[in-house]
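Asker: If you read the protein sequences in the order shown, they are chains A and B.
Heads up: the first sequence at position 161 corresponds to 161 in our numbering, and the numbers run straight through without jumps.
Heads up: the second sequence at position 55 corresponds to 55 in our numbering, and the numbers run straight through without jumps.
Just to be clear, a hint being listed does not mean it is correct.
[Stated by the list, open to error] Below, computed lysine-lysine pairings styled on DSS-like, alpha-carbon distance capped at 27 Å: (1) A:LYS297 to B:LYS127; (2) B:LYS89 to B:LYS127; (3) B:LYS49 to A:LYS250; (4) A:LYS200 to A:LYS3; (5) B:LYS89 to A:LYS381; (6) A:LYS372 to B:LYS89; (7) A:LYS297 to B:LYS80; (8) B:LYS53 to A:LYS297; (9) A:LYS274 to B:LYS80; (10) A:LYS301 to B:LYS80; (11) B:LYS127 to A:LYS167; (12) B:LYS127 to B:LYS53; (13) A:LYS301 to B:LYS53; (14) A:LYS274 to B:LYS49; (15) A:LYS104 to B:LYS89; (16) A:LYS274 to B:LYS53; (17) A:LYS200 to A:LYS104; (18) B:LYS49 to A:LYS106; (19) B:LYS80 to A:LYS104; (20) A:LYS3 to A:LYS207; (21) A:LYS372 to B:LYS49; (22) B:LYS49 to A:LYS104; (23) B:LYS127 to A:LYS372; (24) A:LYS381 to B:LYS49; (25) B:LYS80 to A:LYS381; (26) A:LYS274 to A:LYS104; (27) B:LYS7 to A:LYS250; (28) A:LYS10 to A:LYS207; (29) A:LYS104 to A:LYS372; (30) A:LYS381 to B:LYS127; (31) B:LYS80 to A:LYS106; (32) B:LYS80 to A:LYS250.
[What the hints assert, rightly or not] Stretches of chain A that chain B covers, calculated by requiring three or more beta carbons in the stretch to come under 8 Å of a beta carbon on chain B: (33) 242 to 248; (34) 316 to 330.
[To be verified] Label-pair restraints from in silico Cβ distances: (35) A:ALA224 to B:ALA133: 45 to 55 Å; (36) B:ASP22 to A:ALA232: 53 to 63 Å; (37) B:GLU125 to A:CYS261: 19 to 29 Å; (38) B:ILE75 to A:ALA232: 21 to 31 Å; (39) B:ASN76 to A:ALA360: 21 to 31 Å.
Honestly, the hints are just simulated from the structure, not real lab data.
These figures come from a predicted structure and were not determined experimentally.
Positions of the beta carbon are idealized from the N, C-alpha and C atoms, including for glycine.
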Amino acid sequence: MAKTAKIEVKEQNPVTSLRGFLQELLGGGQVDGLLVAAHLPVKGSVMPVLVTDPQRMDGVDPLAPAFPINAAKVVSRLTRKPTGQRLAVVLRPCEIRAFIELVKLKQGSLDEVVLIGMDCLGAYGNVDYARLAGENGGQETTLRFYRDLPSNMRGALEDSEISPACKACEHPVPENADLQVAFLGVPMDRMLLVQARTEKGMELFRKLRLTECEEPKERQAAVAELVEGRRAYRDRMFEETSRATADVEKLMEYLGRCVNCYNCRVACPVCYCKECVFVTDVFDHEPTQYLRWARRKGLLKMPTDTVFYHLTRLAHMSTACIGCGQCSNACPNGVPVMELFRTIAAHTQRAFDYEAGRSAEEPPPLSVFREKEFSEVTGGKD
Amino acid sequence: MGEHEPKIIAFVCNWCTYTAADLAGTSRLIQPPNVRMIRMMCTGMVDPKYIIKALLEGADAVLVSGCHPGDCHYINGNLKARRRIKLLKEILPRFGLDERRLKMTWIGASEGIDFAETIRGLVAEVKALGPNALRNQMVL
Numbered sequence: 001m002a003k004t005a006k007i008e009v010k011e012q013n014p015v016t017s018l019r020g021f022l023q024e025l026l027g028g029g030q031v032d033g034l035l036v037a038a039h040l041p042v043k044g045s046v047m048p049v050l051v052t053d054p055q056r057m058d059g060v061d062p063l064a065p066a067f068p069i070n071a072a073k074v075v076s077r078l079t080r081k082p083t084g085q086r087l088a089v090v091l092r093p094c095e096i097r098a099f100i101e102l103v104k105l106k107q108g109s110l111d112e113v114v115l116i117g118m119d120c121l122g123a124y125g126n127v128d129y130a131r132l133a134g135e136n137g138g139q140e141t142t143l144r145f146y147r148d149l150p151s152n153m154r155g156a157l158e159d160s161e162i163s164p165a166c167k168a169c170e171h172p173v174p175e176n177a178d179l180q181v182a183f184l185g186v187p188m189d190r191m192l193l194v195q196a197r198t199e200k201g202m203e204l205f206r207k208l209r210l211t212e213c214e215e216p217k218e219r220q221a222a223v224a225e226l227v228e229g230r231r232a233y234r235d236r237m238f239e240e241t242s243r244a245t246a247d248v249e250k251l252m253e254y255l256g257r258c259v260n261c262y263n264c265r266v267a268c269p270v271c272y273c274k275e276c277v278f279v280t281d282v283f284d285h286e287p288t289q290y291l292r293w294a295r296r297k298g299l300l301k302m303p304t305d306t307v308f309y310h311l312t313r314l315a316h317m318s319t320a321c322i323g324c325g326q327c328s329n330a331c332p333n334g335v336p337v338m339e340l341f342r343t344i345a346a347h348t349q350r351a352f353d354y355e356a357g358r359s360a361e362e363p364p365p366l367s368v369f370r371e372k373e374f375s376e377v378t379g380g381k382d
Numbered sequence: 001m002g003e004h005e006p007k008i009i010a011f012v013c014n015w016c017t018y019t020a021a022d023l024a025g026t027s028r029l030i031q032p033p034n035v036r037m038i039r040m041m042c043t044g045m046v047d048p049k050y051i052i053k054a055l056l057e058g059a060d061a062v063l064v065s066g067c068h069p070g071d072c073h074y075i076n077g078n079l080k081a082r083r084r085i086k087l088l089k090e091i092l093p094r095f096g097l098d099e100r101r102l103k104m105t106w107i108g109a110s111e112g113i114d115f116a117e118t119i120r121g122l123v124a125e126v127k128a129l130g131p132n133a134l135r136n137q138m139v140l
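Could you put together the complete structure from these sequences and hints?
Answerer: Take a look at the structure:
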């Protein structure tokens, strides 16, 4: 039931054209607020902003190849109670998928939200983006990032590459969006596409009086080619990571630079506990206990529980991991957290025939059960 | 040096397996003394982190045992627990932890004999596996 329309791109600047479209959406009163990524007045900094005044959208740039946080968390914050107001949120595919997970965990709601999903070519890590945008300016960096499309889909600028999470991402096209902004396989210097994907999207599509057009034939093939390359990278990453963490000793080596700062957990959009057990006193043992452990082993690394922390987080959230890579982005010491979590998540999600972010209808696997299943766990008895 | 005496951590539910263990004891059934039992109200409240912690600290095996399906005092906690054990059996072996060190069983309140047999079998199996090397190793 998809409908497609064209946003004309003027002066080869898709950023201003897309901004114009969003301005119309907000100015026309179709929504009461808009959450969208924007360049902040601070140099090299892009963050989601909640806009209600269409005149204040100068910095708005959802195409910016920056991904400082997964905005699912802020959408969760904006939707955890009804407001009676309608909010449009412009998100990357992985942000939508994370938000779907949060909705299922009752930490957000789709009721008053219109999801506007962007095609996504990926983004730089925070450090790389700050440097590039600092040197070249924010909006200029965006324009340069897409300059070689549609022929060059690598999104690589000079010596910097998009983050590993994006290189391994097989979801460059948003799923579950009401409206979709598409540019993959589209001559971006001349046009962007808007596609209505749901009833909610159709309604807006009609109200915005968009002119329908055909989807360019090249699009499907371009997306398929991109996804294929991403899958190949992902599968190599799975293999390498499995090999690098095949036993506890290797895992320790892999996590060797972790300093238990828990930034990965803070940055993770689907780490859903309101209070993480690792900030409570559950594992804050008696001083004498540490001495006993040290005596048994001869020496004890302090703080303890680095491997334990990561394994626990894997058990708690890997079935909800959508692979956005914010864990790695937030790591101050370059631990390849995303690679490990995606590798394990692929197995745990497959075990329960689940895919995080795929559908708002599928219940999270650990919230349900069947009477007869997994009899191998209990020695064949059920 | 004598034979390795394994340490097994057992998370058992108050209503079924703990009662079965009690019955095994009062019935004077012979069982090896290798199990450290932790009584939970339900296996459904055994968070994976406690199992992970036990294995990383060097427990030679972890047993989670509760009521038979359909008998759970809280209706279905045991079935939720089964999914969590399934989850851990997906994760832990990928880091070289032997899956045989994590066991789940259903043992009802009246099944003292079954409990004693389960423990005897588990201890024998774990003895054959040898000690968990992490016990005396510094785990980061």
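Asker: Against this structure, judge whether each hint is valid.
Answerer: Verification of the hints:
1. Of the supplied pair hints, the one linking A:LYS297 and B:LYS127 holds, its CA atoms being roughly 21 Å apart against a limit of 27 Å.
2. Note on B:LYS89 and B:LYS127: the hinted pairing holds, with a Cα-Cα distance of about 20 Å set against a maximum of 27 Å.
3. For the given pair, B:LYS49 sits about 21 Å from A:LYS250 by alpha-carbon distance, which is consistent with the 27 Å threshold.
4. At most 27 Å may separate the alpha-carbon atoms for a hinted pair to count; A:LYS200 and A:LYS3 meet this at roughly 12 Å.
5. The straight-line distance between the Cα atoms of B:LYS89 and A:LYS381 is roughly 17 Å, inside the 27 Å bound, and the hint therefore holds.
6. Taken as a hint, the A:LYS372 and B:LYS89 pair is honoured in the structure, with Cα atoms around 18 Å apart against an allowance of 27 Å.
7. At roughly 35 Å between alpha-carbon atoms, A:LYS297 and B:LYS80 are farther apart than 27 Å, so this suggested pair is violated.
8. Between B:LYS53 and A:LYS297 the alpha-carbon distance is near 16 Å, which keeps this suggested pair within the 27 Å criterion.
9. Between A:LYS274 and B:LYS80, the direct Cα distance comes to roughly 21 Å. Compliance with the 27 Å bound is thereby established for this hinted pair.
10. Distance hint between A:LYS301 and B:LYS80 is unfulfilled; the C-alpha atoms sit about 35 Å from each other, more than 27 Å.
11. Among the hinted pairs, B:LYS127 with A:LYS167 is inconsistent with the structure: their alpha-carbon atoms are about 46 Å apart, more than 27 Å.
12. Restraint check for B:LYS127 and B:LYS53: the C-alpha separation of about 21 Å stays at or below 27 Å, so the hint holds.
13. Note on A:LYS301 and B:LYS53: the hinted pairing holds, with a Cα-Cα distance of about 16 Å set against a maximum of 27 Å.
14. Our distance criterion of 27 Å between C-alpha atoms is met by A:LYS274 and B:LYS49, whose separation comes to about 17 Å.
15. Annotation: proposed proximity of A:LYS104 to B:LYS89 holds, straight-line Cα distance about 25 Å (limit 27 Å).
16. For the hint linking A:LYS274 to B:LYS53, the alpha-carbon distance of about 22 Å falls within 27 Å, and the restraint holds.
17. Straight-line distance between C-alpha atoms of A:LYS200 and A:LYS104 comes to about 19 Å, which keeps the hinted pair within the 27 Å bound.
18. For a cut-off of 27 Å, the pair hint linking B:LYS49 to A:LYS106 stands: about 23 Å separates their Cα positions.
19. With a C-alpha separation of about 18 Å, the suggested pairing of B:LYS80 with A:LYS104 holds against the 27 Å cut-off.
20. This hinted pair checks out: A:LYS3 and A:LYS207 have alpha carbons roughly 13 Å apart, not beyond 27 Å.
21. Only pairs whose Cα atoms come within 27 Å are accepted, and A:LYS372 paired with B:LYS49 is accepted, the gap being roughly 25 Å.
22. A C-alpha spacing of about 23 Å is found between B:LYS49 and A:LYS104, which places the hinted pair at or below 27 Å, so the restraint holds.
23. Of the supplied pair hints, the one linking B:LYS127 and A:LYS372 is violated, its CA atoms being roughly 31 Å apart against a limit of 27 Å.
24. With a C-alpha separation of about 25 Å, the suggested pairing of A:LYS381 with B:LYS49 holds against the 27 Å cut-off.
25. As the CA atoms of B:LYS80 and A:LYS381 are separated by approximately 16 Å, the hinted pair is consistent with the 27 Å bound.
26. Proposed proximity of A:LYS274 and A:LYS104 is supported: the alpha carbons are some 15 Å apart, at most 27 Å.
27. A threshold of 27 Å between alpha carbons decides the hint, and for B:LYS7 with A:LYS250 the separation of about 25 Å falls inside it, so the pair holds.
28. As the CA atoms of A:LYS10 and A:LYS207 are separated by approximately 23 Å, the hinted pair is consistent with the 27 Å bound.
29. Restraint check for A:LYS104 and A:LYS372: satisfied, since their Cα atoms lie roughly 24 Å apart, inside the 27 Å limit.
30. A hinted pair counts as satisfied when its Cα atoms are at most 27 Å apart, and A:LYS381 with B:LYS127 qualifies at roughly 24 Å.
31. Among the hinted pairs, B:LYS80 with A:LYS106 is consistent with the structure: their alpha-carbon atoms are about 19 Å apart, no more than 27 Å.
32. Among the hinted pairs, B:LYS80 with A:LYS250 is inconsistent with the structure: their alpha-carbon atoms are about 31 Å apart, more than 27 Å.
33. Three residues within the 8 Å Cβ limit are the bar, and the stretch 242 to 248 of chain A against chain B gives 5, so the coverage statement holds.
34. As drawn, the stretch 316 to 330 of chain A meets chain B at 3 residues by the rule of a beta-carbon pair under 8 Å; at three or more, the given contact holds.
35. Look at A:ALA224 against B:ALA133: about 47 Å separates their beta carbons, and that is inside 45 to 55 Å.
36. Taking 53 to 63 Å as the suggested C-beta distance range, the pair B:ASP22 and A:ALA232 conforms, at roughly 57 Å.
37. For the pair B:GLU125 and A:CYS261, the supplied restraint of 19 to 29 Å is violated, since their beta-carbon distance comes to about 40 Å.
38. Checked against the given bound of 21 to 31 Å, the beta carbons of B:ILE75 and A:ALA232, roughly 47 Å apart, lie outside it.
39. About 24 Å separates the C-beta atoms of B:ASN76 and A:ALA360, a value consistent with the hinted range of 21 to 31 Å.
The structure shown violates the earlier hints numbered 7, 10, 11, 23, 32, 37, 38.
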